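Chains A and B, in that order, give the protein sequences.
If you read the first sequence in the numbering used here, its first letter stands for residue 87, the second for the next number, and so on.
If you read the second sequence in the numbering used here, its first letter stands for residue 501, the second for the next number, and so on.
Keep in mind that the hints were calculated from the coordinates and are not lab data.
Just so you know, not all the hints are guaranteed correct.
Stated by the list, open to error - Quick list of simulated restraints, FRET-style, between CB atoms:
1. D529/B / E185/A: 39 to 45 Å
2. T211/A / D1162/B: 40 to 46 Å
3. L732/B / L215/A: 25 to 31 Å
4. Q1320/B / K183/A: 27 to 33 Å
5. M212/A / Q1320/B: 35 to 41 Å
What the hints assert, rightly or not - Residues of chain B placed beyond 10 Å of chain A at every Cβ, according to the derived structure:
6. E527
7. D695
8. L709
9. I852
10. K1043
11. W1165
12. E1313
13. R1319
Predicted, not measured: the structure shown is a model, and the values here were computed from it.
Positions of the beta carbon are idealized from the N, C-alpha and C atoms, including for glycine.
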Amino acid sequence: MTERNALVATDAARPPAHGLEQEYVTMTVGGHWFGVPVLKVQDVLGHQRVAQVPLASPIISGSINLRGRIVTVIDLHRRLRLPPSDKPGMNVVVECKGELYSLMIDSVGEVTSLLMERFEPLPTTMDALWRSVADGVFRLDGSLLIILDIEKLLDGDAFASVHVT
Amino acid sequence: MDDLLRDFLTETQESLAVLDTEVVALEQDPTNSAILQDIFRLMHTIKGTCGFLGLARLERVAHSAEGILAMIRDAEMTVSPAAVTEILQALDRIKWLLGRLEQNGQEPEGDDSDLLAALDRLKTGEAAPSIPPPVPQVPQDEPPQGPAQTAEIQAAEPPAVARVPVAANKESGEPPAREVRPGETANQAIRVSVDLLESLMTLVSELVLTRNQLIQMVRGKDSEFTAPVQRLSLITSDIQEGVMRTRMQPIGNAWATLPRLVRDLCQETGKKVDLQMSGSETDLDRQVLEMIKDPLTHMVRNAIDHGIEAPAQRLQTGKPETGLLSLTAFHEGGHILIRIADDGQGLMVDRIKARIMQQELATETELRAMAEPQILQYIFKPGFSTAERVTSVSGRGVGMDVVRTNIERIGGTIDFASTVGRGTTFTIKIPLTLAIVSALIIEAAGERFAVPQISVSELVRASPRSEQKVEWLNDAPVLRLRDRLLPLISLAHILHRDRGTDNGAPIASKASDDLFIVVCQVGAFTFGIIVDRVFDTEEIVVKPVAPMLKDIALFSGNTILGDGSVIMILDPNGIAAAASQMAISRSQNQDAAVGAPAPRAHDDRATFLIFRAGETDELKAVPLALVARLEEFNVGKIEHSHGKPVYQYRGHLMPLLPVRADHVWKNAGRQPVLVFVDGPRSMGLVVDEIVDIVEDRMQVELSADREGVLGTAIIRGKATDVIDVGYYLRLALADWFGPAGTPYGDNVPAHPRLLIVDDSAFFRNLITPQLVAEGWQVIVAKSADEALSLRDEGQMFDAVISDIEMPGMNGYEFARSVRQDGVWSTVPLIALSAHTAERDLARGRSAGFDDYVSKSDYGRVSIALQEAIKRKQAEGLGGVS
């Protein structure tokens, strides 16, 4: 993200106050930019062989082995109801309530420090599903960065399994 | 020295170490009541234990010191240096006595009158300013009590005080050996937090995995790594074993309460029972131990209550008056076997049969087709009990199903053998540990899975050319295995991995291939799982599945294989359950196909649980189907949160609610509680006494506005209040139902017929009594298919209520097909669902529902019914009765 320099508080006369600035890992899914708080991210992995979990929700791609820990892989395309990608994606491993989850995305951008004054609440006209998993939007020069709420993203009825009948 | 004494020494030495520092801390901060309480408690424990073990000298010293502490606590004495000194002296004396005790296994001769006298003087206040040094009129080996020492203590900086006496002893030429003595026991056994052990266990699990990976890498290769990897492998196994042993506890720990329990039960029932326990030293994982404690207690209760006969009856049948109940535990091939055997009357097949029919768990024809072992298995069904009446001991119909669930949850199995008149023997087989299990790796539909070895009884290779081949009974595959027909389940099928078909048929296409059949036994149900390939057996580390995958019953966990891949661990119990569900849906489909009538005629009968609460004599009732469990909680374990009583129940805090607001809580003993469960939420209704379980016609007279009472029913000829469970659920869990329901109206047809379509027994049972009380004639269908077959039979209803989320056809599809054609196209149709977003409502209307009621607001059902009926009548299209 080339906008980075413009956004980072480099102005020496105005030292960056703590709390006004947040660091995010940026990523793209289906051509949209998303951000996740850097402290939530445990790892960024290239394409992984994913073991499928039968009967699980289609949003769950399966599981991967991350250094001996089993990580549940969430297909962010499906979670956000975006068209599936045919290219091998990347994985951003996040921690939520003591469990590790991997978000399958298209590509990972860089870690960006953003000024909170550029942070805006979600527009009410935004898709209800997206609104339910996002916290707000950063106005960047040239693009918008949607900040995802990991807890909301990994919670809810979206993951109901296919029950055996 | 016996274990008890050794434990006592270890524990007391730890306490003393704490006391030393705490007493000093108290001197520095005399007003700190927390420290004082702590000291008092520790000293009190020491005193109590000494008394229990018959250590008279120790007890006297501890008692005297405790007396001073009590005075300080009650503000009868201030914390003076003199008082602290005396307490420390008492502590030193206790340490010295402990040292001798450890050395000789008994308390030394002599007495402590010098110290006791000093303590007494302190109590009476005589010696407050300056303690006269106790006269050392004691034998050579008595502890030093020199004045110099006291002086030193008073002079020294407080933090050093505790250590001073030791230094002084050394200086005064005491043999040093004695000084190190007290530490010895403490050094032999240390206390380690369970958390640390758990994390060690996790690390060892990772190590085992890495080892497996390495072995896989060097396997079959002549590499320079082969020898070191082998060595590593051996060491890893040793570490694994060692760490596992740290978590082991003798099963006797779980048995310790049983002799008392048996004694109490004998008193209560007037029976005579001799409890024999052997193998109590058998070690097993503490996690497993915790899990089997309750099942064991349950089974011992059962054995005495149901199994062993009353003395008179025993004598009549030529048995000795005293019954024999034996518990045996032993290791066998990586498992622990626990046997609980009684020489009582055995399981009565006839009584079980009668009970099965009474409970409508099976029909007489079905029973006739069953073999005896199969019938006996019904004792594990939820709600099953043959006890003639509900006693406080057992027979609350909540026993064996819980036992079995608990045991299966830890990967164990339970089996039994019973001979009428000779007794019953239950055998529990449980794994040594839960963390690492041996599993068979298999493949189906291109994926690998692990099956716990404990459930696998054999492997069969079936081929169309051999004697063992898969045959078909209609759609159900079976295998002839040693003159028996083994039902088969295709793993790919139940995992929905056999694309394109929706019954068991796809396997037929594979008829030319060889198939592998994993024969599993779950309880008495033996079945075969059809898989594509079988690999070898591997030691796997069981890891729990992610929370969002927890509701898939077919998997008990997941694991990482030696090659680093993640695979799911199959749960044979879940597969067996899925298999029986499949059979049911198959038979229902067939019923529908041939137009057989679905016998769902509601005969207004219901089973009620009768209990007493509040008023002296008045009986109350609740539909038994609503009650998840009957429990007796230890009153001492009832806690309070935000001023409301709660109980730690199955890992959750469950709110407790008395039936009557003016309930008087007991101070001790056991509290009967009815547990209601819906999904993750539960609530305990506190009652005074559970009286009985009866089946009767459900004739509920609607009650005047009495809160919490649905109405009055005549049960067994007595007017009995039927409580409104919903009312209490609302009180206990504000979030359970949302706002309180609206009062009912009276503008409904004379004897209207109502069809309720809901797969949830809980909701069916919750709303049925209310609607019956309002005069509806309620007919129930468990699925949309079942409802539609009623329609096709030509049955008519004045209104239909349907759930949305149902297995098979959902509520929307059901509404569409009701509206599309057939005799119900104009019937008032109401949706009942947990989801009431605007989107859901719109979808419901477009599908053809007249109204949409939230399950959280189920009280509105009657209003919605009236409105819908009125609307339809206004349109001149009312349903026809």
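Is it the case that L709/B keeps its Cβ farther than 10 Å from each residue Cβ in chain A? Non-interface label on L709/B violated, nearest chain A Cβ at 6 Å vs cutoff 10 Å.
Beta-carbon spacing of D529/B to E185/A - inside the hinted bounds 39 to 45 Å or not: holds, 44 Å
D695/B non-interfacial with respect to chain A [C-beta, more than 10 Å]: holds, 14 Å
Quick one: work out the minimum CB distance from E527/B to chain A and report holds if it exceeds 10 Å, violated otherwise. Nearest chain A Cβ is 44 Å from E527/B, so the label holds.
Do the Cβ positions of T211/A and D1162/B conform to the proposed distance bound of 40 to 46 Å? Once the Cβ atoms are compared, 55 Å apart, the range 40 to 46 Å for D1162/B and T211/A is violated.
Cβ separation of M212/A and Q1320/B, checked against the hinted range 35 to 41 Å: holds, 37 Å
Hey, does I852/B actually stay past 10 Å from chain A on C-beta? Label holds. Min Cβ-Cβ 30 Å, cutoff 10 Å.
Please check whether L732/B and L215/A have a Cβ separation lying inside 25 to 31 Å. Distance hint for L732/B, L215/A is violated at roughly 50 Å.
Minimum Cβ-Cβ distance from W1165/B to chain A exceeds 10 Å: holds, 36 Å
Quick one: are Q1320/B and K183/A within 27 to 33 Å, going by C-beta? violated, 45 Å
Run the C-beta distances from E1313/B to all of chain A and say if the shortest one exceeds 10 Å. Nearest chain A Cβ is 14 Å from E1313/B, so the label holds.
If I take the minimum Cβ distance from R1319/B to any residue of chain A, is it greater than 10 Å? At roughly 24 Å from the nearest Cβ of chain A, R1319/B sits farther out than 10 Å, so the non-interface label holds.
Consistency with the previously given hints fails for numbers 2, 3, 4, 8 and 10, ordered from lowest to highest.
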